[in-house]
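Visitor: Chain residues, written in single-letter form:
2 protein chains.
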Amino acid sequence: MSKNCRFAVAVHVATLLAQNSGASATSDWIAGSVNTNPVVVRRILSALAKAGLVTSQRGIAGGSVLARPPAAITLLDLYRAVDEQGPQSLHHQPPNPACPVGARIVPVLEDILSRAEQAKERELGRITVADVLAAVHTPQCGARTVA
Amino acid sequence: MSKNCRFAVAVHVATLLAQNSGASATSDWIAGSVNTNPVVVRRILSALAKAGLVTSQRGIAGGSVLARPPAAITLLDLYRAVDEQGPQSLHHQPPNPACPVGARIVPVLEDILSRAEQAKERELGRITVADVLAAVHTPQCGARTVA
DNA sequence: ACAATTGTAACCACATTGGTTACGAACTTA
DNA sequence: TAAGTTCGTAACCAATGTGGTTACAATTGT
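Top line first, the protein sequences correspond to chains A and B.
Just so you know, we're using the numbering used here here: the first sequence kicks off at 1397 and counts up by one.
Just so you know, we're using the numbering used here here: the second sequence kicks off at 1397 and counts up by one.
It is possible that some hints are incorrect.
Identical copies go unnamed one by one, so any copy, or any two together, can satisfy a pair.
Listed next, the in silico EDC-like pairs over lysine to aspartate or glutamate satisfying Cα-Cα at most 16 Å (straight line) [stated by the list, open to error]:
| no. | residue 1 | residue 2 |
| --- | --- | --- |
| 1 | Lys-1399 | Glu-1506 |
| 2 | Lys-1446 | Glu-1480 |
| 3 | Lys-1446 | Asp-1479 |
| 4 | Lys-1399 | Glu-1519 |
Simulated from the structure, these hints should not be mistaken for lab results.
Construct the entire structure; sequences and hints are all you get.
Guide: Here it is in structure tokens:
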């Protein structure tokens, strides 16, 4: 599990923008729904903008909008935009190359972690922001997001 | 991605124990292959022992052995034994319940993250310590590990 | 000109991580 | 029994990452 809540905030923000359907939303207004600081929201929006998922405008009528229709943005897009994967999941120090296991374990581990990560991302790629918005709008159906 | 390397170390340790096939391995010897401190190894071994995956013995002939055959230990077993999932992946503060999205987003997010995590775990559950040992093993590399 | 808004930098308090030292408990052997 | 080895665990440390906050320049519409 990621130890940060940036992905959760990104999904929340994207869902808000989707619900806003074209109207510009300020970071202050978004922060009011997420219940955090506007700067935190702007940091997320900045990452999403770098990934081409939202566009923002400064000034008195400024704010952010989705750059694509909600059905054309997957949670994988949000995940990749927001989750800077530090290369920190393996050994701190390289294992002992004089040990047969230590000498060859790293590429094996990389392959394993890569496959596990791909399985996770495949799942996130199946869900769009439109799905999340629909799930949020039909609470009586439980948390189902994909048919 | 997890921000720690406990899972990587756990797989490394389990693979070493599997290669040792029954012989007792000390934390000092294992630490020599992982290239870390024996206490770090003992912390991992302690978590694995709590999950019933290894058994350890103190004393001059002490050390650790796998509690089950390598083919009966999946990487999911190791992952669950070692990765204390802090409930830290969602919002720090609960979202604003006065906002339709904020009021309903949390269970939706929980469902999404749960499914993504399940996909990852399903993948890890398919791989056993025996598989890792086979992947690591090279016949011309000698029969015994030396730290 | 003015007010509102974004974009960022800077800093802080807090949590987590792996590494290290230390020491008591348990175990084997002589 | 005595000695030596090993585990188990607590305590502490430096490094890192996190979200929250303040501050301020740049941009934009009225």
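Visitor: Hint by hint, work out which the structure violates, then give me just those numbers in ascending order.
Guide: 4
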